[in-house]
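These protein sequences, in sequence, are chains F and L.
Mapping the first sequence onto numbering that gives the first Met the number 0, position 126 (from 1) lands on 125, and the numbers just tick up by one.
Mapping the second sequence onto numbering that gives the first Met the number 0, position 219 (from 1) lands on 218, and the numbers just tick up by one.
Hints may contain errors.
It does not matter which identical chain is meant; a pair holds if it fits inside one copy or across any two.
To be verified - In silico DSS-like cross-links for lysine-lysine, where the CA-CA straight-line distance does not exceed 27 Å:
(1) 299 with 149
(2) 238 with 47
(3) 260 with 87
(4) 260 with 149
(5) 149 with 211
(6) 149 with 180
(7) 211 with 170
(8) 238 with 170
(9) 299 with 3
(10) 47 with 149
(11) 170 with 3
(12) 299 with 180
(13) 212 with 23
(14) 299 with 211
(15) 182 with 149
(16) 47 with 211
(17) 170 with 47
(18) 222 with 3
(19) 3 with 211
(20) 47 with 3
(21) 23 with 211
(22) 23 with 149
(23) 238 with 222
In short, the hints are calculated from the structure, not lab data.
2 protein chains.
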Amino acid sequence: MTIKAALLGFGTVGQGVYEILEEKQQDLQHLLGRPVEVVGILVNDMNKSRPVRTETLVTDRFEQILEQQPDVIFEATIGQEPGYSYIKQALNERIHVVTANKVMFAAHGEDILEVADFHDVGIGYEATTAAGTPIIGTLSHLLQINNITKVEAILNGTSNYILTAMQQDGKSFSEALQEAKDKGYAEADPANDIEGHDAFYKLMILSQLLHKKQPVWSDVPLKGISQISPEDLTEAAQKGERIRHVAALELINGELSAQVKPVALPASHGLHSIDGVDNAITVSGDLVGSVTLRGPGAGKRTTASAMVEDFVRILQSAPIYQLH
Amino acid sequence: MTIKAALLGFGTVGQGVYEILEEKQQDLQHLLGRPVEVVGILVNDMNKSRPVRTETLVTDRFEQILEQQPDVIFEATIGQEPGYSYIKQALNERIHVVTANKVMFAAHGEDILEVADFHDVGIGYEATTAAGTPIIGTLSHLLQINNITKVEAILNGTSNYILTAMQQDGKSFSEALQEAKDKGYAEADPANDIEGHDAFYKLMILSQLLHKKQPVWSDVPLKGISQISPEDLTEAAQKGERIRHVAALELINGELSAQVKPVALPASHGLHSIDGVDNAITVSGDLVGSVTLRGPGAGKRTTASAMVEDFVRILQSAPIYQLH
């Protein structure tokens with residue numbers, strides 16, 4: 000009996016998941032005891048040709064995906080809808096869900112986690128935050144008894160890539176942005192990256208995970224990097240500092256304080272040395288102290304890696320009755 | 000019904016575990032659904048007075064610990080024996096085990112994991128490597144489908160502390176070592192730290208975890224930092240480099256290659272900026288790319304944190320029948 004997987008969305012990340020499920024057939028069978036088969040792919044445009052097995056259902060109708068009775072759904076669509084509705088429907092049918100959709104999960108994560116919990120179904124969202132860098136797993140599974148009161152993070156790979164290229168190579172903002180686009184790091188709409196919205200959504204997801212609540216969105220000071228000039232960077236460099244786009248969250252006397260903005264960091268700061276497309280998250284736990292995770296913050300394979308890792312972990316702990 | 004815990008060894012780490020179990024009673028009950036009680040502590044010297052509840056059994060006889068029928072044993076003794084024998088006996092009686100004993104686990108980890116697996120009992124060893132920094136959990140649970148072929152790491156907090164103090168503050172080797180001792184970072188026998196043995200054991204534990212085997216111990220080039228002079232550090236600094244004590248492991252065509260030695264690292268290297276008592280581990284996965292974990296590499300609370308986190312995770316997934 001195979002494990003049946005379906006993909007919602009077949010952009011960069013969806014294709015990455017498909018490729019990894021194909022490449023890692025043997026390893027997956029070894030880890031999960033059964034082979035994994037992609038039984039359906041939901042797309043927007045039926046007319047595009049796609050590099051998938053001919054027997055795989057490609058459809059633009061979600062009902063057809065559900066008719067395949069998948070055990071797990073990989074959701075890699077853009078925006079709150081229809082991703083949110085699809086996920087809720089899937090969870091209600093006791094299908095495990097792995098998502099990379101940060102905009103949707105920042106807004107509806109609390110509800111989704113409740114629905115998943117109610118049905119005792121797995122939900123993975125590692126890929127929403129810092130791509131493949133396993134920060135969600137670390138906070139969910141590895142640091143449970145630690146009280147994490149403070150997070151400081153570089154959460155947008157594109158912004159960090161641009162700042163690094165401007166500072167190290169003397170590029171202009173627009174040159175550096177174009178380079179980030181060419182390398183496939185920038186999101187579909189680069190405004191999300193460079194105006195700080197992408198980092199903001201990820202910070203809200205971390206807030207929900209750590210504190211079971213989020214600050215009021217409109218209260219969070221939010222500033223991107225589009226106004227940073229080469230002169231700002233030169234000025235910082237003269238003081239031995241580097242400008243980084245920092246998302247910060249702190250719980251002070253039960254109140255959440257969050258901000259997302261460019262900050263000039265001295266060499267002694269742990270995020271000073273984070274270059275290029277990397278993301279890094281520093282969490283301060285009352286027992287463990289200050290722990291930092293660093294890894295690629297954008298890219299097809301690394302984001303898809305997080306989704307397949309979530310899938311493996313969910314299937315390993317899923318009760319047998321949940322498998323169709 | 001309480002969860003019954005016993006401690007083997009009541010040095011720095013054992014005391015840290017005891018304190019955390021006391022302080023976090025409420026959180027543990029919330030996470031595990033039942034209160035946790037320390038039912039016994041195994042010590043060497045019965046004549047020392049110890050800050051524990053008067054009703055807690057303190058004994059120098061392991062049989063008395065077993066008579067308490069603990070659900071889990073925290074092993075924080077020094078050296079291969081008697082820790083190894085105690086752990087095997089505990090596992091055979093289906094008691095979960097959490098250990099911080101790196102020397103023992105480097106030598107006998109494979110056997111211990113087999114025995115634990117045979118009895119379907121939990122074994123936690125996060126605290127053996129990089130103190131509280133959750134590298135074992137990340138590799139065991141969060142990066143399972145990634146093929147990790149390369150590890151580069153700073154694994155000895157004392158060595159890194161000494162190198163940092165020599166380089167940044169111009170201290171001599173012996174001054175810096177004394178400072179590390181005063182702060183409680185250095186192991187009971189500092190030779191283990193400064194001659195590289197401690198980092199070597201941790202690297203062997205990572206090798207076992209990643210590749211289910213270890214290189215022949217005597218084949219691994221092993222050099223500590225005791226021969227590093229202030230002149231070496233100055234020379235490196237003039238080239239913009241820093242000397243770090245690096246443990247490296249790579250799988251090349253199925254063959255393991257390992258080495259543990261001081262290396263001069265350029266500013267572009269991810270381990271260049273790791274200062275003080277911190278440890279850091281960079282793993283390269285075929286899907287996720289290069290991921291680095293950084294955190295305190297020594298200290299009572301951070302090491303004990305790793306043990307209690309292991310305990311929580313094991314108890315959460317333990318079948319009911321295993322609980323006495």
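One pair to classify: residue 238 and residue 170, alpha carbons no more than 27 Å apart. Within, between, both, or neither? For residue 238 and residue 170, the Cα distance is within 27 Å both inside one copy (20 Å) and across copies (26 Å).
State whether the alpha carbon distance between residue 299 and residue 3 is at most 27 Å within one copy, between copies, both, or neither. within (22 Å within a copy, 46 Å between copies)
Checking residue 212 and residue 23: alpha-carbon separation at most 27 Å within a copy, between copies, both or neither? between (37 Å within a copy, 22 Å between copies)
Treating 27 Å as the Cα threshold, decide for residue 182 and residue 149: within, between, both or neither. Answer is between; shortest inter-copy Cα gap is 25 Å, intra-copy 32 Å.
Up to 27 Å CA-CA - residue 47 versus residue 170, copy category: neither (37 Å within a copy, 66 Å between copies)
Are the CA atoms of residue 170 and residue 3 at most 27 Å apart within a copy, between copies, both, or neither? Answer is neither: 47 Å inside a copy and 61 Å across each miss the 27 Å cutoff.
Between the shortest in-copy and the shortest cross-copy C-alpha distance, which are at most 27 Å for residue 3 and residue 211: within, between, both, or neither? neither (32 Å within a copy, 30 Å between copies)
Pop the pair residue 47 and residue 149 into one bin, within, between, both or neither, using alpha-carbon distances up to 27 Å. Neither: 46 Å inside a copy, 39 Å across copies.
Under a CA distance limit of 27 Å, which applies to residue 238 and residue 47: within one copy, between copies, both, or neither? Intra 52 Å, inter 54 Å, cutoff 27 Å: neither.
How would you classify residue 299 and residue 180 at a CA-CA limit of 27 Å: within, between, both, or neither? Intra 13 Å, inter 46 Å, cutoff 27 Å: intra-copy only.
With identical chains treated as interchangeable, where does the CA-CA distance between residue 23 and residue 149 reach 27 Å or less: within a copy, between copies, both, or neither? Close across copies (19 Å), not inside one copy (37 Å); limit 27 Å.
Can you give me the call for residue 299 and residue 149, within, between, both or neither, at a CA distance of at most 27 Å? between (30 Å within a copy, 21 Å between copies)
Comparing the model with each numbered hint stated earlier shows that hints 2, 3, 6, 7, 10, 11, 14, 16, 17, 18 and 19 do not hold.
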